[in-house]
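Engineer: Protein chains in written order, with the numbering used here: chain A, 1 to 600; chain B, 1001 to 1351; chain C, 2001 to 2603.
30 Å max Cα-Cα, derived DSSO-like pairs, lysine-lysine:
(1) A:K14 with B:K1008
(2) B:K1266 with B:K1016
(3) B:K1008 with C:K2416
(4) A:K447 with B:K1016
(5) A:K432 with B:K1008
Reference listing, derived: stretches of chain B covered by chain C, where coverage requires no fewer than 3 residues with Cβ under 8 Å from a Cβ of chain C:
(6) 1098–1106
(7) 1328–1341
Counterexamples of contact, computed for chain B against chain C with all Cβ distances above 12 Å:
(8) L1014
(9) G1157
(10) P1169
(11) Q1236
These are computed hints drawn from the structure, not numbers from a lab. The beta-carbon is built from N, C-alpha and C at its ideal position, and this holds for glycine as well.
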Amino acid sequence: MRPTDTSNPDYFHKVVDCQWGCPAHTDVPEYIRMIAQARFSDAYMLNRVSNVFPAILGRVCDRPCEPVCRRGRIEDKPVAICRLKRVAADNRGDITDRLPRAGPKNGKRIACIGAGCASLTVANDLLPLGYEIVMFEKLDCTGGLMRSNIPAFRLPVAVLDEEINYIVDMGVDLRLNSPIDGMEKLLKENFDAIFVGTGAPRGKELNLPGRHDSEHIYIGIDWLESVAFEHTDKIGKKVLIIGVGNTAMDCCRTSLRLGADEVRVMARKPRGFFKASAWELDDAEEENVEIVVNHSPTEFVIENGKLVGMNFDLMEYDIDDKGRIQDTKTVGEQFLPCDDVILAIGQENAFPWIERDIGLEFDQWDVPIVDKTTYQSTLEGVFFGGDAAFGPENIIWAVEHGHQASISIHKHCHDESLTDRLPFAMNLSSAKMGIHEWSYSNDYDVKERRLMPHVSLKERFEKLNIEVELGFSAEQAATEVERCLNCDIQTVFTDNLCIECDACIDVCPVDCLTITENGPEEELRTRLTAPATNLDQDLFVSGKLPQTGRVMVKDEDLCVHCSLCAERCPTAAWDMQKFTLEIPYVEDEAADGLPAKEVA
Amino acid sequence: MSYISKPKISHPRLPKNELGLTARDYEGGMSTLCAGCGHDSITGAIVQAVFELSIPPHGLAKLSGIGCSSKTPAYFASESHGFNSVHGRMPSVATGANAVNGQLKYIGVSGDGDTLSIGVGQFIHAVRRNVNMLYIIENNGVYGLTKGQFSASADIGSKAKKGEENLQPPIDACLSALTLGGTFIARSFSGDRDQLVPILKAGLIHNGFALVDIISPCVTFNDHEGSTKSYEFTRQHYHPVIHADFVPPSEEIKAKYEEGEAMPVKLHDGTQIVLRKVGKGYDPTDRGAIFHYLDEHQKAGEIVTGLLYVDEAPPDLHAVNNLSSTPLASLSNDQLCPGNAALQKLQARFR
Amino acid sequence: MSAKPTVNEFMVRLANVNGTGSASANALLMKALFRMGLPVSGKNYFPSNIQGLPTWYEIRASGSGRLGRTRRVDIMVAMNAETYRKDLADTASGGYLIYDSTWPRNTLLSRDDITILGVPLSKMCNENFPTARARILMKNVAYVGVIAALLDLELDVIKRLLNETFRDKVSLLDANQLAIDLGYNYARDNFTCPLPFTAKRLDKTTNHIVMDGNTASALGCLYAGATFGAWYPITPSTSIMDAFKRFCEQYRKDPASGESNYCIVQAEDELAAIGMVLGASWNGARAFTPTSGPGISLMSEFLGYGYFAEIPAVLFDVQRVGPSTGMPTRTQQGDIMSCAYASHGDTRHVLLFPANPEECFYQAVQAFDLAERLQTPVIVLSDLDIGMNDWMTAELKWDDSYQPDRGKVLDADQLKKLESFHRYLDTDGDGIAHRTLPGTHPKGAYFTRGSGHNMFGKYTESASEYLQVVDRLRRKWETAKTYVPGPVVDYSEKNRIGILSLGSCDGAIQEARSGLAAKGESFNYLRVRAFPFNDDVQKFLDAHDRIYVVEQNRDAQLKSLLLLEMDVESKKLSSILHYNGLPMVAENVVDGLQQDIAKGRAA
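For reference, chain A alone in the conformation it holds in the complex:
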């Protein structure tokens, strides 16, 4: 293998699995260390830079960071990153002074359609640069799906309002109850750019016999919205939820709070194929929701004009070694009685209000064609973000879209190339404090992941908006932060200092180091101290070592960043260095374009 080029920020960035896995690349280890030092406001603000809504995301983020967390490869459970985010939010002081403020107007007007997370992020990024943001919202409130589709028992309204208002109060020209009914008309209003952040508001249909013969069959997201806006306040005793995504979880749990006492979530496939996040399944099952697998719906059964239940085919799947379905068989039928059915089988975006002849092209699935880097549609100056761009994702993706779209909007407004964007950069600084002292908590803590305390089952159903999760206690937070492996404190190797004493190799608790003859990667992976079988994780290969010409190889897979290699190294060939990813935001692009003196 060629010596690893660690000057490319991606190499070390990839080592920080959570940050690499987060669409917004939130600097997780750094904010966890801040929490460990009780710097909650700093931790909150660090979060806000990348993900804008720490309190909201601290509750309802889809947490792409957690499944990739290295801790989850060392033991079963990843660090409770999302919960720690909430700890930062819950314990922050008054940070209003530290929030961005609108800059002096630069004369550019931007229309944002929809007042959800994507549009709000655009507003958050552009207002400080002097842009005027006009935000159109068809409902009479902000938040989009965050408000209409996420039940209050998971995301309290006050939390939502507070973080949205940080942005709105910066000076958004917010126009509620203002649905846009035609793009062509909007284009004529001479905005400098238009951002479409309308989400994916259409729930998927299930056109089976009987679908339209009862009023007790609902589309999940619509039903959640009507609950959120208090148009619906009750449901039957027996409820079937069709689908096992996160919307289904919200529907079943909401049903329980509206009076249902026998709620079944109906899945066509076995566990392992569910779309819902594991923790959302856990929470639902804790509330005694029954999840029924291998039932494929065939019919809504209506008797005397009344929904009495549904028929299902009983499925059987032939699953191969790799967990893929090879064959499907129907092995029977079953009728399940119910009073109501909620369909939660997915959403799609829909743009009935965009004319098809204005130069904004749609693809074969009738979705606008949007550039994956610039978020610009085929119509110059019209940008998309959030679920509106590439279909349903989650909040953290929408935020990232907002950041990227903001850069594009800025460049568009200044006639710069949209694709000529600042690259990621990095900063490395030694964490060494003393002979064996480091500026982070390097002692591996064996404690297991803390469990989120919940409101008791009895209490939580009393009202619809009682937040179930209580947030970590101080002790829990203090324990959980120590579980973080500080993957951003990187092991940095200087080959010409190495005397090949093997000290680092012997002391490494996870056997990730080897000094050996170089070779092709595939072969090299087989003759390391421990086999390097996780191909998703890189090998670091040094240059030739001075005394024998062999190379130092590090398998990044399981490194716990304990620093012992650096402590045992007599020549400081290993050092622990704090890696900081420099993520370019629109303000960096703006500063980058200005003459140096103005930056100063």
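With chain A fixed as given, assemble chains B and C onto it according to the hints.
Structural biologist: Just chains B and C, lined up with the frame of chain A:
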């Protein structure tokens, strides 16, 4: 040293031995030696060797004298009994322990001061008695714990860290053992684990006193220019004469070798060591020739390494004393005490 | 000093040349007296030499059972030309001197107050035995014949003894018989037999044996189940290992396999000997080393190690005069202090003080039990007098129900049940923690090291953890007091003056006390048998106004130890010291007492 301890977590795909243990199960406490100490590498090699031999940790006894080297037993096999004795006296403790229980595997770890200065008497007699043990000298030519004095293994002309030159001839443990009737004599280097691990394994299986003299650079007092026991000097003057492949009885000898270039030696339990001769004409069974070979290369400033001499035939301490196959320590009172009737009978001659 | 001829009260001193085989002849004479039911003791005075230097053997016969050394030579057998002048001078007035008159002595070397009996021993032997070697040997046997006639010994007894000794060697038997007859007949033919000193059959030796203390110690080791002995030869302890080896060859060979159920290693020095013992003990065997004062010095480092690491070990220090070419073949009690506190740091060791071979046997067994119970080295402080001289001692008995006290050793089952094992944790307050043996169970593993460990057996250099360790060891010392053998006390409330002593002073003290008692002067008596001293010793100290501490060294080591360890005023203690290398005699004690008492009266 580090004040945090090595985390107990381990790589989930570590190889397991016949006992279902991983190498981690043979580790000990956190080393308090200087970072980069050759002794710690030797600890790593010992861990590897006992792991690969599937020795149950509690079937191992670790002994040492005093000095940096003698701290080593604390750093491996924490589920084994250890005995950090007094300066230069580990061989006697090992002899007594071994005599009463031959079923344990004994590893003695000593240093050049501990073995060749204060302990030279006991060392010599342990060789002579052919005590069945692996005896490791972690040889750095210097007194570490008392901060840098020359030891008896320092070479003529070797310089101390502060520049003082050693003018007295060294005691060569391997040459000494050759003249004392040593039955397993090896030299290696802490920085060459590929060579060291098979030698340690063979030494553990050898039926008798297995001496492994290991050059182990002292990074603090003897890894400088002018030292003849530094990492760099050792690597430059390294002369591997024999490479040992360790072959357990269950495994077929696969190492291909030409006649005259390699020599399989059968150990008492059926294990084989295949000695691949790197030095031409080297015969690890010819005591006289080896003496000359070592002497010549020593004069040429070369450090001859490998399994230098082996002889499985001579009886060990147990055989010489015709000791019971049941460990003496396990014999019951009934087996040991002749009883009152015998006492009365034997007193007849005192009347 | 004049000798009053008596029946069954006499001492015969035999002056010989080292290496002439006189020992067996002297033993024959002593055994003959013993077989006649007469209490006897034998004392051997020999040089640090193998051949050619003077050696003396004394046989005291005492129908009244006084078996300490006496200075009164009733019958001198002067077989060494080199010492003839001195031997002549040493003979008590009224005594007899027998010499080889083949070449008559200078008449100037004569004394009027003794009877000199010349026997032409060489001439007789030259005429009757063919080889030079046999002549020299048989000359010794012949003087036994002479004495047999003079003392009126039962010839049958002698012949039976010869029969037993030379059962398998008929030619030797015949020669010995002949030599006895030659001497016997010559005496009968030429002198008035018997002399006023005569031996008459008694029945005072039933249930007794004649044995030296080293043999008894070795026998104790055998019976205690010791399987490992390491040693470096040193006078006067060597015969312990010689005897142990003999016993093992007889009793410790597996009858089926012929394998040895024991291991004796002759070490390269005492440093190695104690190291081996600690290694073997650590590994669970009962192990011991016999040595003497110089050996204790060399073993001191390891003794401290054994104390702090808490490893059982049994040592026999057969005390002698030292150091180096001091007087290695002379007796002394000079190692009391050096053994009590051997090594560096706060060390103190359990000591046992046998007074005779019988106690050597039982205390050897006790030493192993104590060493394992207390997990510490135990030193049995014998001396050359006890160890190498022939003592009449009570027959040894063995309780077949005896089980060795292995102390607090956890086995595999116990370890399995434990959540975790901590080597130096005192769980029941007696200062003794549980130990484990290598190879038992992975949970039992610990790292044995010097004082730098904490109660969990982990390495420490912490001041407070060190205190915990040494303070617990002190607690263990208190516990030891309840296990060690208590003193032997002869106490009467009437007496406010006592004698306190130890070990081989006993015979002289007993004799002195009975002599003084006959004159109406009584003293209480306490003989310590172990260190630490227990409460009985404190009570004795408290109960007396004046205590004479009798011991065989110059610097009053026992007294010093009492002052250091017990609550007693120094002016209450008065020393009676004997330290010329010869065993103590009753007069030493009597003189010491009377001088001091006289001083007191004068003051």
